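> Which chain is which? The protein sequence lines are E and L, in order.
Per this note's numbering, residue 1 is the first one in the first sequence, and the count goes up by one each step.
Per this note's numbering, residue 1 is the first one in the second sequence, and the count goes up by one each step.
Among the clues, some could well be false.
Simulated DEER-style distance windows between Cβ atoms [claimed, not checked]:
id, chain 1, residue 1, chain 2, residue 2, range
1, L, 153, E, 131, 51 to 57 Å
2, L, 285, E, 256, 55 to 61 Å
3, L, 270, E, 116, 42 to 48 Å
4, L, 190, E, 131, 38 to 44 Å
5, E, 174, L, 291, 52 to 58 Å
6, E, 362, L, 155, 29 to 35 Å
Counterexamples of contact, computed for chain L against chain E with all Cβ distances above 12 Å [claimed, not checked]:
id, residue
7, 29
8, 34
9, 37
10, 83
11, 145
12, 238
13, 243
14, 244
15, 258
Derived from the structure by calculation, the hints contain no laboratory data.
All values reported here derive from a predicted model rather than from experimental measurement.
Where a beta carbon is used, it is the ideal one built from N, C-alpha and C, also for glycine.
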Amino acid sequence: MKSKADVVIIGGGVSGCSLAYNLARAGIDVVVLEKKYLSSGATGACGAGIRQQWSTKENATLAIKSVKIFEKLSKELGEDIDLRQGGYLIIIHDDKGMKQSEKNVEMQRSLGLKVDILEPKQINDIVPILNVKGMQAIGATFCPTDGHANPFKTTFAYANAAKRHGAKIYTHTSVVDIKLNRNKISEVKTDKEPIKTNTVVNAAGVWSKEIAEMIGVKLPNIPFRKEIMVTERLKPMFEAMVISFKDGIYFSQQMEGQIIGGIPIPEERSGYKIIPTFSFMKHMSKTLTRYAPVLKHVNMLRHWTGFYDVTPDARPILGEINGVKGFIQCNGFSGHGFMLSPMVTKLLSDFIVEGKSSDILESLNLDRYKDKKIVKEVSVVG
Amino acid sequence: MRVNGIPNVRTCIAPLKNDIKVEIQGKYANLPDAKFKENPVKTIDIDILVVGAGPAGMCASIEAANQGAKVLLVDENPCVGGQLIKQTHKFFGSKHEKAGTRGIQIAKDLENELKELEKKGEVTVLLDSTVIGYYEGKGKKYKFGVLKRYGYEGILHEIDCKSVIFAVGAMENMLLFPGNDLPGVYGAGAVQTLMNVYGVKPGDKVIMVGAGNVGLIVSYQLLQAGIQVDRVVEAVPIIGGYHVHAAKLRRCGVPIYTSYSIKEVYGDGKVEGAVVVKLDKNWQPVKGSEEKVDCDTICLAVGLTPSTRLLSQVGVEMEFVPEAGGFVALHNNSMQTTVKGVYVAGDSSGIEEASTAMIEGKIAGVSAALQLSYDKKAKTLKKQYIAELERLRDGPFGEKPRVAKNKIKKLLEKKHV
C-alpha cells in the first residue's frame with residue numbers, strides 16, 4: 001500500500017471512481033479506499049436512471065452537463081457503459097403537479113434543455129403499455145435525452161481508466177480514523193496501513209456521516225433504505241423511464257427485456273436496515289400494475305435494497321468544509337448520485353487541482369444549512 | 001414457454017392438462033394475454049415454518065407437532081417425500097430409522113403420519129409452493145414470502161413464524177466438459193425422477209459418472225428398468241459407495257472404471273457418444289488413453305452441494321466445509337444456527353444420507369418446539385435422538401460426515417467462545 005498521496009478518496013462508488021479518474025488524468029497522485037468492493041454501496045443497488053428534469057437550477061445544470069459527458073463516456077473511457085437515451089416520462093396527476101411542472105419546464109428550457117409537456121393522449125405514444133386512466137394522469141413531461149446507463153460498467157470503466165492514469169484503488173480497506181494537524185488533514189488511518197495526505201474526499205455515500213464524525217464534522221445526512229425490483233424478461237416495449245413524484249414510483253425496461261423499478265413503502269423510516277420488506281412487494285406490484293395492467297402475470301424475479309443518503313434539501317453536499325482544510329465532501333446525493341456524478345466530480349476535480357470554485361460548488365457547500373432559507377429539491381422519486 | 005397465454009412458464013415442471021395451449025416463446029416473452037384473477041395475498045401466522053418436505057422436513061414437522069407446536073410445512077413439489085419418492089432401494093442403517101424399508105415406503109409412512117396431524121389441525125402442508133424470500137419481520141417473528149402455484153398461476157402468502165427449520169436439501173453438482181449442455185446429459189436426480197416417479201426411460205445406453213452410492217444405486221435402477229449401463233467412471237482411485245451396491249452392479253456385468261472421467265460429450269443436437277479418459281494421480285488426463293464410447297445418455301452423480309440460499313438471506317453464519325459439500329450454516333447439536341430460532345436439518349446442513357437427515361429433522365423439530373415451551377418429554381426425546389445420530393455415524397462410511405460435523409462444531413465454538 002502507498003504510504004502517502006496527494007488525495008485520498010473514501011468510497012469506491014461511481015462518485016469516488018469518477019473523481020479518481022478526473023484527478024489522475026490531471027496528474028494528481030490519488031488513492032481510493034473502499035471498505036467492500038467497487039460499486040458495493042448505493043451505486044450497485046441503484047435504478048441507473050439519468051434525468052435532467054429537476055426543480056432546482058443547480059441539479060438541472062449538473063444533470064444537463066453530466067449527460068453531455070455520459071454521451072461521450074464510453075468512447076472516452078474505452079469501455080461501453082450501456083447508455084441508452086430513451087427519455088424520462090414524468091406523469092402529472094393534478095393541478096398542483098401541473099403548476100410545478102410548468103415552472104420546472106420553463107427553468108429547464110432556459111438552460112437549453114429540450115423538454116415537452118404532453119397531453120394525456122400523447123402518453124401512449126411514448127410508453128404504449130401505460131393506462132392513462134389508471135394512473136390518473138392529466139399530462140406528463142418528457143425529455144428525450146434523459147435515459148439510463150449501467151452503473152457497474154460505468155464505475156468499473158471510470159476505475160480502470162483512473163488506474164491507467166496512475167490512481168491506486170484499494171478495495172476491502174476500511175478507514176478507521178482521520179488525523180488533523182492544526183485544522184488541516186494530515187493522515188488517513190485504515191485497517192491496513194496509514195496514508196499521509198493533505199486532502200481527503202468523503203464520497204462514502206450513506207457512511208459519509210460516520211467518516212465526517214471522525215474529525216468532528218457533523219453532516220445532516222440521513223440514511224433511508226430504498227427497495228427496488230426486477231421482473232422476468234419481456235420483449236422490448238418501451239425505452240423511457242416512467243416516474244411519478246406523487247406516487248414515488250419509477251420503472252423502465254432495460255435492454256435485456258427486464259423491467260426494473262422501485263417505490264417507497266408508506267411506512268418507511270430512516271435507518272441502516274438493509275433487509276427487504278414484504279410490504280414493498282405488495283405496494284410495488286399493486287402500483288406497477290395500476291400503471292401498466294398488462295404486466296399482471298409477469299413475475300418479479302428479484303428484489304433488493306440500497307440506501308439514499310438524504311440531506312434536508314435533497315441536494316448533495318459538495319466542496320471543502322470551512323475550518324477543516326483539505327476535507328472535501330462529495331455526498332448527500334439523496335438518490336441521484338449516479339446521474340450527477342460525471343459533472344460533480346469534474347467540478348470537484350477543478351477545485352482540488354486548480355483551487356477553482358464555482359457558483360454551484362458554493363451553493364452546495366455544507367454552510368448553506370446555516371442559512372434558514374434553503375431551497376428544497378422537490379422532484380424526487382423512489 | 002408460453003402456456004394458455006401466460007409467458008415464462010417452466011413447462012418442465014408445470015402440470016400437464018387437457019386442452020392447454022403450449023407455445024415456444026423465443027428469447028423474449030410477448031406480453032401475457034390471459035385473464036388475470038385478482039388473488040389477494042393470504043396471511044398465515046404459525047409457530048414453526050418448516051421449509052422442505054423431504055425426510056428431514058417431514059420428521060421435523062411431525063416431531064414439532066407432536067410436542068404441541070403449530071407447524072406449516074412448505075414444499076415446491078406436488079407431493080411430500082423429497083428424494084425418498086424416487087428411492088426404490090432398501091435402506092441401511094439403524095432399525096429405528098427404517099433399515100430394510102424402501103425409500104418410497106418410508107415416504108408413504110411419513111406422509112400418513114403427517115395426514116393424521118393435518119386432520120387434527122396440528123400441521124398445515126402447502127405443496128406446489130416456493131419460499132421466495134425472507135423479509136423484515138415484526139417483533140421477534142420471522143417473515144417469509146411463499147408463492148403457491150395453482151396451475152399456471154400463483155397466490156402469494158405472507159408467513160409470520162416464531163421459528164423456522166430449513167430442510168431444503170441439496171443441489172446436484174455439474175461437471176465441466178465440452179458438450180455438457182447437450183440434451184441427454186442428466187443429473188442422477190433427474191434420471192431417478194423420470195424413471196421412478198414418472199415411469200419414463202431417460203435413454204437406452206448410459207454412461208454413469210460417479211461411483212458413490214448415488215451413482216451405484218441409480219446404475220442398478222437403470223438396469224432394473226431395462227436400460228443398458230455401459231460403464232461407471234469414477235475420477236478418484238476408489239469406489240466411494242457401499243461395497244454391496246458395487247458388487248451388485250459387477251455381478252450384472254457393469255464395469256466400474258476408477259481413475260477415469262469424461263473428457264467430452266459429442267453429438268448432433270443430442271448425446272451420441274462420449275470420450276472417456278484415464279486420469280493420473282494429479283487428476284490430469286493420460287495422453288493416449290482416450291476412448292470413444294457410443295451412448296445416448298450421460299448421467300452425472302458427482303456429488304451434491306447444500307442448498308443454503310435462504311439461510312444466508314436470513315443472515316446465519318456460514319462457513320466453507322469441503323467434507324459437508326460446500327458452504328454450510330454453522331449449527332449446534334440442537335441443529336440451531338447462529339440465529340436464535342433458525343434451525344437446519346438434512347443435506348442443507350451438510351451432505352449425508354436420508355437416515356441421518358430424518359434424525360436431524362427430529363432433533364430440529366423437538367428443539368424448535370422446546371424453545372417455544374412446547375414440552376411433552378421433549379428433553380428426553382432430544383437426548384435419545386442425539387445418541388441415535390451418533391450411533392448411526394459410527395461406522396466407517398460415517399467418517400466423512402463425522403469429520404464435517406466436527407469441523408462445524410469447532411468453527412462454531414471458535415466464533416462463540
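> For each hint, tell me whether it holds in the structure or not.
Now for the hints, and whether the structure bears them out:
| no. | hint | result |
| --- | --- | --- |
| 1 | L:153 to E:131: 51 to 57 Å | violated, 21 Å |
| 2 | L:285 to E:256: 55 to 61 Å | violated, 38 Å |
| 3 | L:270 to E:116: 42 to 48 Å | violated, 55 Å |
| 4 | L:190 to E:131: 38 to 44 Å | holds, 43 Å |
| 5 | E:174 to L:291: 52 to 58 Å | holds, 55 Å |
| 6 | E:362 to L:155: 29 to 35 Å | violated, 56 Å |
| 7 | 29 | violated, 5 Å |
| 8 | 34 | violated, 6 Å |
| 9 | 37 | violated, 9 Å |
| 10 | 83 | holds, 27 Å |
| 11 | 145 | violated, 6 Å |
| 12 | 238 | holds, 40 Å |
| 13 | 243 | holds, 46 Å |
| 14 | 244 | holds, 45 Å |
| 15 | 258 | holds, 42 Å |
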